[in-house]
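Student: Using the hints, position chain B against chain A.
For the record, the sequence lines run as chains A and B. Residue numbering for the first sequence follows the working numbering, starting at 1 and increasing by one per position. Residue numbering for the second sequence follows the working numbering, starting at 1001 and increasing by one per position.
Calculated directly from the structure, the hints in this document are not laboratory data. Where is the CB? At the ideal position from N, CA and C, for every residue including glycine. Warning: the hint list may mix true and false statements.
Stated by the list, open to error - Calculated from the model, a selection of chain B residues having no Cβ within reach of chain A, i.e. all distances over 12 Å: (1) F1002; (2) L1028; (3) F1052; (4) A1122.
As the list claims (entries may be wrong) - If you want the footprint, here are the derived chain A segments under chain B, 3+ residues with CB under 8 Å: (5) 20–31; (6) 64–77.
What follows is each chain in one-letter form.
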Amino acid sequence: MAINDVLQVARDSFLGHFMRDDFWVWPLMQNLHFIGLCLMFGPLLAIDLRVIGACRFIPMKGALSLIPLILGAFTINLITGILFFFGDPFRFFYNFSFQWKMALVALAGVNALWFWVGEHAKLSQLADGEQANFQAKVIAGLSLALWIGVIIFGRLIPYLE
Amino acid sequence: MFDLFLAIENSALGLYVRESSWGFAIALASHAIGMALSLGVILLINFRILGFVKQIPVLAHTALFGTAWFGFVINFLSGIALYSSHASKYSYEWIFMLKLSLLCLGGIFMKLTMDAFRATPAEIKVKIFSVICITCWLGAVVTGRLMAYFYSV
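Here chain A stands alone, though its shape is the one from the complex (with noise of 0.2 Å):
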């Protein structure tokens, strides 16, 4: 099965047919996309800003337990982002814009889980005003690089085809 053809059963499916069988269905959905994206970036900042230092007065602990709002406000955006995928397949997948969207969010995905596995438990212990690690400040720094690349390349899908 050639891709094209994965691609037509996307776009055959009762997803796709759910995205572009009614007008108001593709704006709806674009207003989560932005709303999950504020959500996800209110815990993003209090963390990276935290443990750059820029923020350092906000207690590390409790910033880290902001992370399950940023799984939760992320998996808005995943839903909502494979419905535009399912409504429009063509368009998206030989997108230049879209490509690079996601190999970002693959490389945000990867850092976190590079943060998750050799920092939190160190980052945990720190106390408040105290300096992060470098390691941790170049996870935390690439962490917002990387997602905010990921807006960037979003908002110009429709100008990068």
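Tutor: Showing chain B alone in chain A's frame:
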């Protein structure tokens, strides 16, 4: 007024954002980043005030206000750029007027919420202000996004 809107539209900025290949896209991408920075912080502190996420003390969040303001400035500037590109069109759209009103109200209620929290954190007034604040800011996001769908012809 219409002449003024046309003048804005035909200014160097308006022309650049509208006619160049990348002006409008760059302004839109910047607008999305500014939204993430300011709304991220605003929603987080308001959810904390409402008691949904208790992990960080309310006032510790104020360390993030600089970031929220930075995002606001990005959006103020990119917003002017976007507006200037189609000033004679946007100025007559009810959804754009609604968005601007919600933005102003959102800002006012963020201030009212913080002032009320600092004075009397336990009072119900704080939470009422906070709910109005969240509603206005989310409303501004939604009406902004819907500008692509509602427009006067």
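Student: Each hint should be assessed against the structure and marked as holding or not.
Tutor: Quick rundown of the hints versus the structure:
The Cβ of F1002 of chain B sits about 29 Å from the closest Cβ of chain A, beyond the 12 Å cut-off, so the non-interface label holds. The claim that L1028 of chain B lies off the interface is violated: its Cβ sits roughly 6 Å from the closest Cβ of chain A, which falls inside the 12 Å cut-off. Distance check for F1052 of chain B against chain A: the nearest CB is about 9 Å away, which does not clear 12 Å, and the non-interface claim fails. Distance check on A1122 of chain B: its Cβ is at least 21 Å (rounded) from any Cβ of chain A, clearing the 12 Å threshold; non-interface status holds.
Chain B is given as covering the stretch 20–31 of chain A, and this holds because 3 residues of the stretch bring a CB closer than 8 Å to a CB of that chain, at least three being needed. Coverage of the stretch 64–77 of chain A by chain B holds [criterion: at least 3 residues with CB-CB distance below 8 Å; count 3].
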